[in-house]
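J.: Chains as they are written, first to last, in the numbering used here: chain S, 1 to 691; chain F, 1001 to 1691.
Just so you know, these hints were derived from the structure itself, not from any lab.
In this text, all values refer to a predicted model and were calculated from it rather than measured experimentally.
Check the hints yourself; a few may be wrong.
[Unchecked claim] Derived list of chain S stretches under chain F, where covered just means 3 residues or more per stretch with a C-beta under 8 Å from a C-beta of chain F: (1) 397-410; (2) 444-454; (3) 656-665.
[To be verified] One side only, chain F facing chain S, incomplete, derived with CB under 10 Å: (4) 1166; (5) 1170; (6) 1454; (7) 1474; (8) 1636.
Note that beta-carbon positions come from the ideal geometry of N, C-alpha and C, so glycine has one too.
There are 2 protein chains.
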Amino acid sequence: FQNVQCMQVKRWFVMFLIGICTGLVACFINICIDQISAIKYSTVRHFTKMCRDEACMEYALLVWNGFNVTFVTIAAFMVAYIAPVAAGSGIPQIKCYLNGVKVPFVVRIKTLITKVFGVTLSVAGGLSIGKEGPMIHSGAVIAAGVSQGKSTTFKIDGKVFEDFRTDTEKRDFVSGGAAAGVSAAFGAPVGGVLFSLEEGASFWNQSLTWRIFFASMVSTFTLNVVLSYYNGDPWTLSNPGLVTFGKFTGQAYYGYEIPIFLLMGVAGGLLGALFNGLNYRLSVFRLKYVYLRLSCVTEAALVALVTTTISFTMIYFISDCHPIGSNSSPEPLQFFCDDGEFSATATLFFNTPEEALKSLFHDPLGAYKPVTVGVFFCIYFCLACWTYGLGVPSGLFIPSLLTGAAWGRLVGIFVHYVFPGGHFSDPGKYALIGAAAQLGGIVRMTISLTVILIEATGDVTYGLPLMLVLMISKWVGDYFNLGLYDIHILLQSVPLLPWEPPAMAHNISAHDVMSHPVVTLNTIETVGKIVDAMSHHHHNGFPVVDPNEVTDRSFGTYRGLILRSQLIVLLKKEVFNETVGVTSLRQRIRLKDFRDEYPRYPGIKDIKVKPEHRQYHIDLRPFMNPTPYTVSQNSSLSRIFRLFRGLGLRHLVVVDDHSQVVGIVSRKDLARYRVFHHHFKLELEELHISI
Amino acid sequence: FQNVQCMQVKRWFVMFLIGICTGLVACFINICIDQISAIKYSTVRHFTKMCRDEACMEYALLVWNGFNVTFVTIAAFMVAYIAPVAAGSGIPQIKCYLNGVKVPFVVRIKTLITKVFGVTLSVAGGLSIGKEGPMIHSGAVIAAGVSQGKSTTFKIDGKVFEDFRTDTEKRDFVSGGAAAGVSAAFGAPVGGVLFSLEEGASFWNQSLTWRIFFASMVSTFTLNVVLSYYNGDPWTLSNPGLVTFGKFTGQAYYGYEIPIFLLMGVAGGLLGALFNGLNYRLSVFRLKYVYLRLSCVTEAALVALVTTTISFTMIYFISDCHPIGSNSSPEPLQFFCDDGEFSATATLFFNTPEEALKSLFHDPLGAYKPVTVGVFFCIYFCLACWTYGLGVPSGLFIPSLLTGAAWGRLVGIFVHYVFPGGHFSDPGKYALIGAAAQLGGIVRMTISLTVILIEATGDVTYGLPLMLVLMISKWVGDYFNLGLYDIHILLQSVPLLPWEPPAMAHNISAHDVMSHPVVTLNTIETVGKIVDAMSHHHHNGFPVVDPNEVTDRSFGTYRGLILRSQLIVLLKKEVFNETVGVTSLRQRIRLKDFRDEYPRYPGIKDIKVKPEHRQYHIDLRPFMNPTPYTVSQNSSLSRIFRLFRGLGLRHLVVVDDHSQVVGIVSRKDLARYRVFHHHFKLELEELHISI
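All chains should be modelled from the sequences, with the hints used to inform the complete structure.
T.: Right under this line is the structure:
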């Protein structure tokens, strides 16, 4: 079986390509932002310097605003008019995709282009967002594109990797791409693997996990090499990710600090829940009132304007000047300070978020006045909350970390003030814990986040406190509401299957959840009936039955299942015959015909069936799946649930004791039952599912 | 549903207890070994010192041998006469257990006691083994014990956690315990989680993973606190695991070193394959000739004697003396060197393996003569190969790492010799890579090992080269033979299901693999027939049928499945009635009756059924599982395989189109089909399965 070996080698090769491409895209984004920001910052700084003497501060503000609003508007335009699905971080969409839900346009090349340029411009435009979340989406799109070896947008078909044109294979590669994205974003290959497992996989497949791991490794390595070269230090390989937290050397923690960390975890959970609650209300408002393309663009421009203006005002009014040299930043920002001094406020408000984060982590005690950090926290919290959900590509990780680092540093300063001993002299440590708590409180992932943060810190010393804090903040946050990604998934009414069957699932049987009148097809069916069934119903699979004993309760003996996409191809290729019983037709259609159409099968409306063909017959037996998974009508919901999750099913036919089809259970039927752990009470709700 | 919440809280609490207990056991082992070794080493050192002047070296050798042989003999005695399953590292057994195979005695408290004392004595006895592997087994046993809240050996029944007395719950806790064991052994909580996923889980269950993570955290934290206290530095928390590699600060690697690392990976794969091949032959020899209890003990004593004598001889003959102070070891070993000098040979041969490992990692260039390291490598390789599989508890990780570190350091010295520039001046880095390559080549795990090594190193800098090396060594090794754990599992003929269905599985149908004459029971069955069926067949589950249409091909219409254990309890509690049709009997038996017997149900021989009862009837319908998973006789093997792995099944009833039972597929039937990727050819073999 040479073929199996060959497929394996190809799979590794595709993962290698995915890793390389993801790494390169990450480099591209990073370098672009770097260059654009450099131009912008030098211009703005030039104006502030000039205007300090000539009292024309409004010009400086205007120039800065001009840059930012222009950048953000372009980004918002691209999103609104080219690929609306590229808005936001893309993590909710990828989560749904990996769960088995088809989200339209999510892995198209157009989306990738919009995402890459959009995130570059909106980060350069000074919004309170990060470039890390979009990397995950980008990685996923790259994976989908590379593994299929063709692009419908560009009308290119590489004719390679045709074996991979199935949903399962594609999903496997997409999870690899998402992992490569995480890995490139944070320099966290292990975290990337765990992320794609935590968010995507329902089935732990060891060899797939290795391939994902490989893609992650390759991607961080590519990024490392290119960025090290770009930074003029080609051999040291010191840039494993887009964001690194810098070295926390020599700042170990002590056992008696753990209670403080735990309290910070609680605070992170509370603040995270507040953030999510506010953002939820804002998103509902947006769904209702801000849905026109132009209004989305206007809102984005408004946010850019407000962000810039507030930042400028803060730098102007809060004077927090320190002598140059007391700070870890390479380029001190003078602004409105005296010569030989730099403005700590500007370090936070003017720099890129990554720089600000590093400053909060590593600047010594006393580098910031408490009031600077406090005001920064309040403003940034509100801005980040407003910004997430805007019609531009935007990551949530960096703003969450930055907000958390701000209040964490405040806690550090406060602790040092209360216990003036030398042990508590390092506010950077508290900033790190605060950042973790805030991020955990907002996104509510635990395992992968812990590993990502450990890898970004570059040191496992902080592993334990990070884990503790992330868990506590998740628990506290979960008491109030869901994680932000889940909130956005719920708002979009996607049939996402949760991890566990709902708690009351034992008392619900297949009979209760199944869709009841089932549209079935006979083993030998007329073209007319098939076309009608497909036009009137949007199911993805139709059970094929022997029509011998149709009663009012059942729909014939179950023979197999045929997919909508297969029927479409059969109709398109006109695989039918005038008379019943001619079975040599199978020769006329090959596996390739099915693959060529993948993944965009035409709709039933696009298939023109000649009226005279309507009476022709198709023998469905050679094409249907003759032994699909079935379930008895008395099976409990939890059992069905485990089948769906464990095997990644989309639909499951329910049969009675005599193999008579009595119903069909789809993903939608299952996702409708969802349990809310709301205020420690369980409620079983039937949700409204749109897709 | 208060009950569900309560179960959840209990689960977390049990995981907490598991973590604490595992941590404490690890501390106990560590402190015992520490104390015993201290006594032994000071005595032996006293004798060598004395005898240097008085020329009575044979006494020193005798004393050392006396200690070691005594310790090892006691350990071997315990294993041979109390719990033979405690021999070796226990990882293969845990792997089987988590895979769903029942391995007798593997999670008994007796096994734990033997394991703990056995490993303490054999490590103190100077064998070439580590205490880390056995920690994983210990953690698993602790988990099984704590979660059940009772011990049959001690006749204790805590009456708590009765809800957890099912196979599934127990297995979940055991995977938590194994993770806690890894975490305590290497200070690697994330690695522990990944280990239990890589080795055990087939289904990624998010909330279970969090609990496993929690247990790992608690266990490393407990160990850290206790050991830090023991070492007199209670607040620094600097002892996360039994073995740590020490800080690799400031020793970054350069891009151009990666090809060297890759070559080392190849070497590691080759050496690992050699190790496995030799150990396989040795194990086959042992199975044939060394199976008597006394001969096992004798062999262990012999190994201890040889190990000690060789070490002593080496220290005597290889004089590799350096001035004190040039070494990172806290206590320089003088031995046969002049005053003011210490013996590098003794650092390797006389210290505990963990100390020797740290020395190889961190001692500066020139701390060892190449010949010392080379001889050490050869000897240790052979000794480790001989020792693994001996009848004492023994870990494989440390010997593998140590062997690899030795040849890695040789490579480092060689590279420095060839390129005398400053860049290659750190042989410790090469020792680390060599250690990883050797370990990867022997055990062939990738993801969890990478993370474990990163966490043990305490620094993610080496993440990428470690991953690369582990992958290469796995690939190279897999070309020749299986990983060592898999070899030992195969030798024991356990029906372990691999990760992927065999490659040719598509062409094999359920019809081909199923066991054919199925022993079925009727829905209302006489006691006599049940007893006969259970006495003559050892199946764990019996299909229950309506006997209406038994033909020669089928065995009646399928109604449900009843387990052997359920039948045993029904018979024991005499849940049967003289006449057919009295259904109120169900009142007499409760869920508790089933739980109380778990996990050691009596055999059918122990159930005394009075002859007059044999004609009585049992209505099986209230007790059987009315909707088990079934599969059609035409389903392919790969589909059945996915059901087994995805849902963790033990048996699956095969039905025809009319719900007639036609066969049953058990784990054994599946494991029989195994594919060998031998020399890039695929062979489908039917294995001999014993259990």
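J.: All hints are to be evaluated individually against the structure, with a verdict given for each.
T.: Here is what the structure says about each hint:
Note: the region 397-410 of chain S has 0 residues with beta-carbon separation from chain F under 8 Å; the three-residue rule is not met and the coverage is violated. Under the rule that three or more residues need a Cβ within less than 8 Å of chain F, the assignment of the region 444-454 of chain S holds, with 5 such residues. Judged by the Cβ-Cβ criterion of 8 Å, the region 656-665 of chain S is covered by chain F as claimed, because 3 of its residues qualify and three suffice. Against a cut-off of 10 Å between C-beta atoms, the interface hint on residue 1166/F is violated, since the closest Cβ of chain S lies about 14 Å away.
The closest approach between the C-beta of residue 1170/F and any C-beta of chain S is roughly 18 Å, which is over the 10 Å cut-off, so the hint fails. A hinted interface residue such as residue 1454/F counts as satisfied when its beta carbon comes closer than 10 Å to some beta carbon of chain S; here the least separation is about 7 Å, so the hint holds. Hint on residue 1474/F holds. Least Cβ distance to chain S is approximately 9 Å, under the 10 Å limit. Given hint, residue 1636/F at the interface with chain S, holds; its Cβ is 7 Å from that chain's nearest Cβ, closer than 10 Å.
Comparing the model with each earlier hint shows violations of hints 1, 4 and 5; every other hint is respected.
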